[in-house]
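Residues 1311 to 1522 (the numbering used here) are what the sequence shown spells out, left to right.
Honestly, the hints are just simulated from the structure, not real lab data.
Since the structure is predicted, the reported quantities are computational estimates derived from the model, not experimental observations.
Among the clues, some could well be false.
Beta-carbon label-pair distances, calculated as ranges [as the list claims (entries may be wrong)]:
no. : residue 1 : residue 2 : range
1   : LEU1338   : GLY1433   : 31 to 37 Å
2   : HIS1386   : SER1359   : 19 to 25 Å
3   : ASP1473   : SER1441   : 20 to 26 Å
4   : PRO1339   : VAL1426   : 38 to 44 Å
5   : ALA1341   : ALA1437   : 39 to 45 Å
6   : HIS1386   : ALA1475   : 24 to 30 Å
7   : HIS1422   : ALA1475   : 26 to 32 Å
8   : ALA1378   : ALA1405   : 39 to 45 Å
9   : GLY1442   : ALA1405   : 26 to 32 Å
10  : ALA1437   : HIS1407   : 17 to 23 Å
11  : ALA1476   : GLU1410   : 30 to 36 Å
12  : PRO1434   : ALA1405   : 20 to 26 Å
Yeah, the Cβ is synthetic: ideal placement off N, Cα and C, and Gly gets one too.
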Amino acid sequence: MSIHVLGDWGGFPDPPPAADVAASRQALPAAAVRDADPAASPPELRTVSGDTVFVPALNAAELERFCAENRIPMRHRPDVWGDLLEPFLDTWFDARHQAETLDRLARNGVGHAEAVRIRERVGPLVAAYNSGHGDWCHLGLADLLDAAASDLVPAELRIRPQDRAAFRAWAMEIADRPDAKHLQRPGLSPSGAGRQGAPPSPLGPGEGPVRS
1311 MSIHVLGDWG GFPDPPPAAD VAASRQALPA AAVRDADPAA SPPELRTVSG DTVFVPALNA
1371 AELERFCAEN RIPMRHRPDV WGDLLEPFLD TWFDARHQAE TLDRLARNGV GHAEAVRIRE
1431 RVGPLVAAYN SGHGDWCHLG LADLLDAAAS DLVPAELRIR PQDRAAFRAW AMEIADRPDA
1491 KHLQRPGLSP SGAGRQGAPP SPLGPGEGPV RS
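Required output: the full structure, derived from the provided sequences and hints.
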């Protein structure tokens, strides 16, 4: 069995308008899916190669059924990019909250110094992107990849077309660090996590507004 996903949404190019959704849908076979989180914002699944693929919010129930029918674990992955992009939300956090966020990032494979470097790298891009959105609740991996080529961002801040594949791979690797640690547990592997009779990890709530 396979599930249909929107082409490269959250990567490049930008998500197509509603009228073009049917033409852009692609099939992803169950064997290629490691785990999924229908409650994420937007709903997502992770492939055995470590990529994150986004599913339109309207198809969250379809994704959940697909996982149940194919014994694909549903797992709420720690939102590394949600924490990394927190300073660029249209709100304010006190020093204690900021320190807790940095500690959470460290537990998920991004040390304090690296977090600073990553924020310095993507800060101008994401700040420009969110100046058009005014999002005060949540920015994550999908927003970062959308921002990279968004018309809301001045051309000089966008990721150059020839650099976008490398940028996407870099962002995906960071997003997958918590799962890289999770999959090092005995009995788990990228190609079969949760399908060896072990119970899937509990599915936690998604964060932030659902975007379709």
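Which numbered hints turn out to be false for this structure? none
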